[in-house]
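Student: Here is how the chains run, residue by residue.
4 protein chains.
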Amino acid sequence: MTVRIAVAGASGYAGGELLRLLLAHPDIEIGALTANSSAGDLLLKHQPHLLPLADRRLQDTTVETLKGHDVVFLALPHGHSAELAEQLGDSAIVIDCGADHRLTSADDWTRWYGGEHAGSWPYGLPELPNQREKLVGARRVAVPGCYPTVSSLALAPAVDLIEDEVVIVAVSGTSGAGKSLKPNLLGSEVMGSASAYGVGGAHRHTPEITQNLSAAAGRPIKVSFTPVLAPMSRGILATCTAQLKTAALNDAVNVRDAYEKAYANEPFVHFLPEGFWPTTNAVLGSNAVQMQVTVDEDLNRLVVVAAVDNLAKGTAGAAVQCMNLALGLPETSGLSTVGVAP
Amino acid sequence: MTVRIAVAGASGYAGGELLRLLLAHPDIEIGALTANSSAGDLLLKHQPHLLPLADRRLQDTTVETLKGHDVVFLALPHGHSAELAEQLGDSAIVIDCGADHRLTSADDWTRWYGGEHAGSWPYGLPELPNQREKLVGARRVAVPGCYPTVSSLALAPAVDLIEDEVVIVAVSGTSGAGKSLKPNLLGSEVMGSASAYGVGGAHRHTPEITQNLSAAAGRPIKVSFTPVLAPMSRGILATCTAQLKTAALNDAVNVRDAYEKAYANEPFVHFLPEGFWPTTNAVLGSNAVQMQVTVDEDLNRLVVVAAVDNLAKGTAGAAVQCMNLALGLPETSGLSTVGVAP
Amino acid sequence: MTVRIAVAGASGYAGGELLRLLLAHPDIEIGALTANSSAGDLLLKHQPHLLPLADRRLQDTTVETLKGHDVVFLALPHGHSAELAEQLGDSAIVIDCGADHRLTSADDWTRWYGGEHAGSWPYGLPELPNQREKLVGARRVAVPGCYPTVSSLALAPAVDLIEDEVVIVAVSGTSGAGKSLKPNLLGSEVMGSASAYGVGGAHRHTPEITQNLSAAAGRPIKVSFTPVLAPMSRGILATCTAQLKTAALNDAVNVRDAYEKAYANEPFVHFLPEGFWPTTNAVLGSNAVQMQVTVDEDLNRLVVVAAVDNLAKGTAGAAVQCMNLALGLPETSGLSTVGVAP
Amino acid sequence: MTVRIAVAGASGYAGGELLRLLLAHPDIEIGALTANSSAGDLLLKHQPHLLPLADRRLQDTTVETLKGHDVVFLALPHGHSAELAEQLGDSAIVIDCGADHRLTSADDWTRWYGGEHAGSWPYGLPELPNQREKLVGARRVAVPGCYPTVSSLALAPAVDLIEDEVVIVAVSGTSGAGKSLKPNLLGSEVMGSASAYGVGGAHRHTPEITQNLSAAAGRPIKVSFTPVLAPMSRGILATCTAQLKTAALNDAVNVRDAYEKAYANEPFVHFLPEGFWPTTNAVLGSNAVQMQVTVDEDLNRLVVVAAVDNLAKGTAGAAVQCMNLALGLPETSGLSTVGVAP
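Chains as they are written, first to last, in the UniProt record's numbering: chain A, 1 to 342; chain B, 1 to 342; chain C, 1 to 342; chain D, 1 to 342.
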């Protein structure tokens, strides 16, 4: 089976990571690569690590260019996917790495992103309860945000054991911000420095995490989420804590059991043996999520630490995983749990 | 006034930072510099940045070597300070950068550090309520831990406004771990990676933060504390959150007011104007703490973010500040709020 | 075809990288994994990124453990390979990532490494003139050093155009030093800092580069080589300069031509289009060498810049490439030219 | 003595470093701070580490604003200094951190920078032969480029011992490129990566190094210069090599002697004891240059390694040092040789 794909937004970090992964996928033929202001450039100028595509040029992002592919990946700023997807019609599977179709609530969308809601698509986190079945054979997929991926997977197995409020502080590499030319993203500013942003519940991934955990819990979960920028290109390490319900008091065994059951058969989520804690470089470039839990017995509080590569499983890897499900290919095809370390 | 000082543990990071700061202090004459396994070495071998001391050699850490100085700084592993301090008697002011005399509860000491409690000394965080007066003229000072410094200052002004449990996730540079030769502290492992440690309330700074906040609140405060190692040499960025009491509901004004009042006259704690958030490189090498607060109105939750240089205000800067208070010198002598950035 | 392999030294960086690459190789079954002081540990403790091998334990490095594999990779400190190889006899292909069998001159060996020369094996840099043919079907391979790999490939095409002395300054990540627990390799020391070492021709890779370039030139080439440690885990960027002979004066065209010809059919050496310069992150994790040349016309001096991942093409990737040649597999099997960036 | 100063270009890295140093200078009162597009902003927005100036606002860069100060520092893009300096007339000492007045040859200026040469000013590297005397009492100073500073100091003592061509490869942090919003300067691109630029003699600092070394030698010296960007904010480590003349053959003693003599009385240039090699973090934030030399005896080649902080002694520190000389203050006033490490 040869699947012909196109990538819209191939000059950015998510687009580059998609192509890196797809080049290793046995069933893929890489078709059109498009960009906006960089259209006409050699891809190599923007993705110097993709040598097998060194001769390719970026084309304009138009429906004409993108048509005629089996799968079209959209790695565009939010607000740009809906129209393109409609124009492409049902001829192609469309996998949107952007935010446009993640939120199910139109009110949430309008509050957090502004403008009209484009509707929601099957949500590309198959490891969440009852989610994989919606992705098999899907023609549209909304790839989750990077923080929601790691945060939701870190807490979903525990929702029955915890109270209704969770606190998440997630340390992230800078590639999550894309290639935006902002002073605070310059190497000189980033190296040797840590900084928080979107503090006080202001980050747009907050409603997405809330949506996922509330769905998993079957009741509203409140999410305190603070992202912290650290001096690394890739990787998110999320520290997630929540009060345990009285019934779980001091019951670290129950907690471990819940996580082991949840992820025993998941190919990409790895619940570590006791005594091992995740690090972001262990998942770098891979589709793996590494995770460990413990209970702070003085406080009867659950603490989960989880690591993910924001560009891989956090974005492009999830997109490929969902493509596999949509196409009926093996879910792990072209993907790996092996990180590039040290 | 010329004050003659000695540093025990001059080959390590805390010792080096003490010397860096003391070299800029107008009233200090640097006397004996001691070490353990490195005794006999040129200081330059261990502290290549201290050129004015390039000709100095490290001596053995003995009471004979340390006697005869006005102030003796101890930058030793925990458990080594009490005996030295006793031998030095009252002839010298002793400022202990280690943990031995920080905890007031002997039970806490035994639980967290093991062995017998050496007793507590005046606690060197003058910005905490009623603390400065205990340091003026003191002959013994226990310099706070780096995480407790930033965490306690971040939350102390709010203790009357919040519920009894706080969650702190603090991202730290690697110098906080000292020059320990452990594989996970190698540059190849650290760069490009974030990792949590001491998770689940297992870090020894937890009881110290608890002690400080409970004292400030006049009631027991429970502390969920998770430290995260990030790829930078220096700096801690602490994200501290707590549920606001009903009375403070949506009252961001009260919160800002509390912080402004608390630190209006503090020379080193800088509560930032609205819209500005702290970064660790802005305080690098300085004795400043930068801080910002907000209220997550969806959750009625306080979020404070604070930055400190773990080696400066987090250790050696605090030691110099306390020395100034002990000696009756201006508190800011030899210290600065100017960071080295970018 | 299934090839059963063993790795001696599987706890280190070179061993980990070998396993990372071999896990992606279609024809490989991973057998014994051995270590010295870490024998008995879970591999996961030392290689947390190798999840598919998470259940494996490290065994002792003995001939009994290593016997019975088709290929044995040795990733050991120098001086430990010869005896093991002899004991293994001809039953296994032995691929030595260490230095023991790289130098052809016994005098050079004794001067640079001390002790008796173990003899030389086919040298695993197939891109050098007349080298590939010696590797096809070989039973023993000496994998080149990382600096010699990039330096030799950078200058070999130009040996007929340049005078007899070359100057190489190579900036390297810290993983080249292995997991050695030395203070100067701690993250706190490495981050934010650059430093030279082995200055003045003192680095052991100097005679290896000299050997390669002299062989390519058919005359003695003198090599001034200075390695510089930079704050990154992986990657070498070599800046190589040499005086052009009079006949090549101002002849940038001839120079480009020589490089294009030399590497036109090489799958892993990529001579970049004009205007593009190599960066180490573009080759991270890949088996590619990226290269660009120019002529400083004011000085009639050739300047070549080349990038390689020291652990991949610089060590473990070359080992796999040579294994492929030794076994008669496609040379590129299990290897990629796609880097992990950003 | 109180000297009132102004800084034009106070929002950039050089401007920020000037202010950091001047805040520690005992004789300075900080007057107008100007910018271009950032005029009107709080300085804190651009220089969050300069807390004592947290209330200051940036003004427009006009002669009216800059007039009435004793010293005006210009930290502007090249081409902007000459006109401002002329308008300021002789009322102020003008210290230009830009390139406009560094080159003595109008031809060189036009070739490397384009446009008309603004003329040359006393060159602010007092450690070069016969240079200090031109700076004492000067009303105009051209602050050297960062690479020329470290390269010239590294080689000047040896000019009588070496042949006419030198090869310099200098590894630099990214702050040397300023706050330019270019994709290749983003943290995501810079971290974990090394890259060369201005290769083949194309960097504008080449003629400046050539000018300095030729002046020191009294004969033309040819300079092969390659700058390499490394993942750190600050610091330059220059590796400088040159063939020794026959007369100096194997004469490492003569070489050390030349360096010891040259810098014995220099307060900021530190020739290290044998066995010690410079690192950039040892000079971070300081006005020191650390240096070591050796002779590669196989090649009879001198190798010098020198470290400097590009923003401090490489730019702003040199500017303050020259201001001191110009005003007749002690040359070291407000400056330090103590780096911020680790």
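Simulated from the structure, these hints should not be mistaken for laboratory data.
Please note that the accuracy of each hint is not assured.
Same chains, same names: a pair is fine if it fits in one copy or spans any two.
As the list claims (entries may be wrong) - Heads up, simulated DSSO-like pairs for lysine-lysine below, C-alpha to C-alpha not over 30 Å straight-line: (1) K67 with K245; (2) K182 with K45; (3) K45 with K179; (4) K179 with K245; (5) K134 with K261; (6) K261 with K45.
Student: So, for every hint listed, does it hold in this structure?
Tutor: Hints, verified against the model:
Proximity of K67 to K245 under the C-alpha cut-off of 30 Å is found in neither arrangement, the shortest distances being 52 Å within a copy and 55 Å between copies. In this assembly of identical chains, the alpha carbons of K182 and K45 lie at most 30 Å apart whether taken from the same copy (20 Å) or from different copies (13 Å). Taking identical chains as interchangeable, the C-alpha atoms of K45 and K179 lie at most 30 Å apart whether they share a chain (13 Å) or sit on different chains (22 Å). For a Cα distance limit of 30 Å, the shortest separation of K179 from K245 qualifies neither inside one copy, at 43 Å, nor across copies, at 41 Å.
Taking the shortest Cα distances, K134 and K261 sit within 30 Å of each other inside one copy (21 Å), while across copies they are farther apart (53 Å). Taking the shortest Cα distances, K261 and K45 sit within 30 Å of each other only across copies (23 Å), while inside one copy they are farther apart (46 Å).
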